[in-house]
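Chemist: Next come the chains, spelled out residue by residue.
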Amino acid sequence: MYLPDFEYYAPESVAEACQLLAQFGEKAKVLAGGTDMVVKMKNELLAPEVVVSVKNLEQLKKVEYVAGKGVSVGALCTHNDLVKSDVLKEKFASVANAARQMANNQVRNRGTIAGNIVSAVPSADLPPVLIALNATAKLVGAKGERTLAMEDVFAGPGKTVLANDEVLTEIFIPEQKMTGSNYIKFGLRKSGALAVVGVAVAVQVENGVIKDARVALGAVAATPVRAKKTEEFLKGKKVTDDVLAEAGVIASGECKPISDIRASAEYRTDLVRIFTKRALRKAVDEGHV
Amino acid sequence: MSSFVVDKKGIKRYAVTIGVNGSEYTKVIKANTLLVNFLREDLDLTGTKRGCELGDCGCCTVMMDGKPVNSCLVLAMDCDGHEITTAEGIQDGEDLDIVQEKFVEHAAFQCGFCTSGMIVSSRALLNENPNPTDHDVREAIAGNLCRCTGYVNIVAAVLDAAKEL
Amino acid sequence: MKEYKVIGKSVRRLDAVEKATGTAGFTSDMKLPGMLYGKVLRSPHPHARIVSIDTSEAEKLPGVKAVATHKNTSRELFNTSATMTFTVPPMQPVLDQYIFDNVVRYVGDEVAAVAATSEKIAEAALKLIKVEYELLPTVYDPKEAMTTEAPVIHQCEMKNVPGEVIQIPFGDVEKGFAESDVIVEKEYKLPVVKQAQMETQAAVAQVSLDGKITVWCTTQTPHPTKMILAKLFSVPESKVRVLNPPYIGGGFGVRIGCSAKAEPIAVALSMLAKKPVKVVYSREEDFIASDTRHAGYVSVKLGAKKDGTFHAMHLKATLNGGAYCSFSVETPGVLGCMGLAVYRVPNQFYYGHSAYTNTTPAGAMRGFGNPQAMYAIESTVDMMAEKLGIDPLELRLKNIMQVGDPWVLPYKCGSTGLAECIEKGAKSIGWENRGKLNKPGAKKLRGIGMGVGTHVSNAWPFCGDYDNAYVTIQQDGSVHLASGVPDMGTGTSTTLPQLTAEVVGVSLDRVSMTLADTASTPFDIGSHASRALYAAGTAVVEAARDARRQVLEYAADLFKVAPERLVLEDSVIFPAGQTAGDDCAGSPVCTIGGKERKSITLKELAYDAHQRNKQFIGVGRIVPENAPPWHAHFAEVEVDTELCQVRVLRVAAVHDVGKAIHPVICEGQIEGGVLQGIGYALSEEIKYDDRGRQLENSFHKYMLPTADDVPEIETGLVEAHEPSGPFGAKGVGECGLVPTAPAITNAIYNATGIWFCEIPVTEEKMFRALKEKAGKTV
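Chains as they are written, first to last, in my numbering: chain A, 1 to 289; chain B, 290 to 454; chain C, 455 to 1232.
Derived from the structure by calculation, the hints contain no laboratory data. Ideal Cβ placement from N, Cα and C applies to all residues, glycine included. Just to be clear, a hint being listed does not mean it is correct.
[To be verified] From chain C, some residues computed to sit far from chain B (all C-beta separations above 10 Å):
(1) Thr-541
(2) Ile-844
(3) Ala-1063
[As the list claims (entries may be wrong)] Here are some, though not all, of the chain B residues that point toward chain A, as calculated from beta-carbon distances under 10 Å:
(4) Phe-293
(5) Lys-319
(6) Glu-342
(7) Leu-343
(8) Cys-349
(9) Val-358
(10) Cys-361
(11) Gly-406
(12) Ser-410
(13) Ala-413
(14) Leu-414
(15) Ala-429
(16) Ile-430
Please model the entire structure based on the sequences and the hints provided.
Modeler: Structure follows, in structure tokens:
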């Protein structure tokens, strides 16, 4: 399997990258870890004439804590960078744990957080937990930059709102009032399997009462989605098994999965019910975000 | 930016310098050259296998700056200035590396086709974590498919190698 | 018991260092000067006539050296499997394939091939070939394929049934059922699964100017493949050399004969281009255009007396043969033979065959019909146990075959350690805890199940089957073994030298082996049917004995004693009763180099012979017998009834292997087989869409178990001496897969009370079954 011919650029700065993207327009594609894009090119789903490799953008490979504000994750952090980040382990272990559940070790060493977001695969593992934690995405383009809520980045399967000349540079996870969060996925095997269903939750529990909740679902719609009715239902409820189970039922009513070779829509819907319940229980019990 | 020449068809060919198993290789390649093919075809390092070419089987696993990656999904261009270690580079001079030694001792292979990638993944794990648990080993090699062994002797070999580090 | 010096010991594998350092030679790594790369154009349609094919644009592409189609290649009918070389009368091999035909019969069928200076150019050229298809009606299910409405895929005596129906009568089955107190009858549906060996099908062909053909390839059977290629290209077999280089990245049956069509296509392109050509299948090609395991239907009707004595069994199989025959005649045969051989049932009948469909051809895969048979039979036995109220383990112990029992097989049941396998396995899994593992109301349910089986150690007498070997003593007394059998990972390149060293009387490091090369080894039918050690090994032992005999006869002249009085041990020859090198007065002496000696080394002797113009060349020429290995598997599973997911927690696999020549290799075979069996039971399947396309065509979609999915596997070896095998050994290669699936599905029943009569038990199937069960109980 050979790739088509293309020109290759490895800009030294984000500005230079944006400028190249503006210059080549539709013909150009940004290459980060390649674990998704190279596969698409081999399968002839993508044939860029110009590849802009962001391998030299060292400044985008850091995870940093900004006191009082949250954690800044450079767009080119690999999944294993997230898994191994002491900052994340301390502040947002749920993100590190979500990254650990992805693909396999080789892919986690190359695939980046930006790639996982920008490729907009409905079953991607990081978007749900980032949405649950109210993270934002910073997009830098030739004409300036903007910051979007994570859930607003996605436009459909394989589609985002990024303009041709825009590069995702940073994911920012704000300090939380949430007391617990996590992401659990269901794949057809433990490693190297896409999520059949992924559920991320974040909850703020005080004295046994849920003050706030965010629930995000992966692999059950064209994009990762918030389960807003579930969130509303949870607010103000006492944490009981019945409440969490009921939340699962509501969440299963909020998803619109498809049937494919991995699972039927009906089974996926049922998994959302179980996983929402389990993810909430885990978030409450573990008591960390 | 690496320098390039334009061939007769108008396709750019770029000069890259890639460290492989401790030696530096400067070659002029097309941008679409995959690392696995650079190793196998340009350097004749056929220990790195092509098992699926889509990043699912791990037969082509090499270390890039010490970390195992699927060389079928990495552009050789992206390795310019980086250090690659292949199965052939694991050996410690004339002697087998302890991981290789333990694979031999435990018969941690049958057909041998996944073995190169398996040993690269295992060695990378031990470099980072010299005291792995059974689960750590399984997680580290879960991206390396083996159809022959049931993984039993492979996991045993890696755990045994760790004991002697 | 005799103390062995080399066999029975888990010596360092002789292929170990090469494989551990990435230097072992595989076909897909080969490069010859001037070598071209071949790529294949495959049909996008499940059934179509090629109306026209235009290769002119492809031929014009710079770098393209040859384009092959049905118009410019052999019109000799053949069969990619070795069946065409070892089917014996009255059976006739089914020859139903051309390299390229003007009709395509499944998605992936070969339409054309290109040889070019690079793989990339060859791939690009394929896109320039214009093909006009006329679509034909299709059928995908073997039962439907036999109906009058179904399209004819190949002309057959019985609609779409290749070869003949296999019928095995034994006793009077009708009477048997009439006399039975309890009858259980069930039909089981089986999936298409794939060998998924790590090295895809590959061949490098070189055709010399004088017409000699050399093919390095991934075949499991170099000699039969040589015969296939010679016939296909109308050249004398003496001018065709087929060899492994020398390793194969796994096989599991997928290349008994040709490696799909890698060899024929590489040779055809090489003849056209007059350059060496390398053809390596992509993983997708390997999935869609390379033999699978037979899917289909197996039904079992089992009758028993109230006390649990089995009295009648009717076994029926309708297998999906896919678009071409391959081993579709033999597989239902072995399915029936193995299915009827496990239990002593006085009245039995088997009726089985395959049917052509517009799917990937089904052929040999580890177990060769036996896993299909035993999933169905062992499930039925558990159902019977429940109906009778007898413990399934006790029921099996009561009914299993014993040495000397009459059975359907045309050779004797010369040994069985099955009862011991069952007892050991039961202890290992904790059978006594069965039924006591779950608390009321638990959502994760555990269960224990078992399955047993037998298999062959060889292919005789199901087909023509013989082995030869040479053992030559080199001029320095070291030993060379030549055997035509490959090592596809199963360790023959270690175990056959072990046999040689033991028999000749030298240490293993003095033995070297040439394997799997038709030019330097005598005919051998290859590595399949769990036969390499048992059958090729018998020839090796014979050759080694012959060499040793010649050595001792030569030495006897020097010592002036009868050869029987001489011992050859650790490369030293001396008279019996005397330790090598001892100065033992009165014992015979030999005179060599003018000196009188009490003993002589093999090195000295061989060189002495060399100086007198003689080499010791041992020849082994045998028709091996056959023998049943036996196995009992036990599985403990946990079913998460909320997630609808089954996890195998533990497997205990105990095998009667006869003598374990290399225990670690034996265990490795079992462990690998168990994991394949787990995949067969739970996750592996290739499904088709309504346009005949394979939905699982990559490792991303086809769920092979990873290291993270492996349960604890406890293997046990039982060594019931097999008189017909080398040092008492039997086959083991395929056995690990045979009873694994039913052990798991029986454990699932034990956990959930649900029988799954269709595998794999995917999450989706469990979801539906649990829902249905809940609906019933509400």
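Chemist: Of the hints stated earlier, which fail here?
Modeler: Of the numbered hints given earlier, the structure breaks none, since each of them holds.
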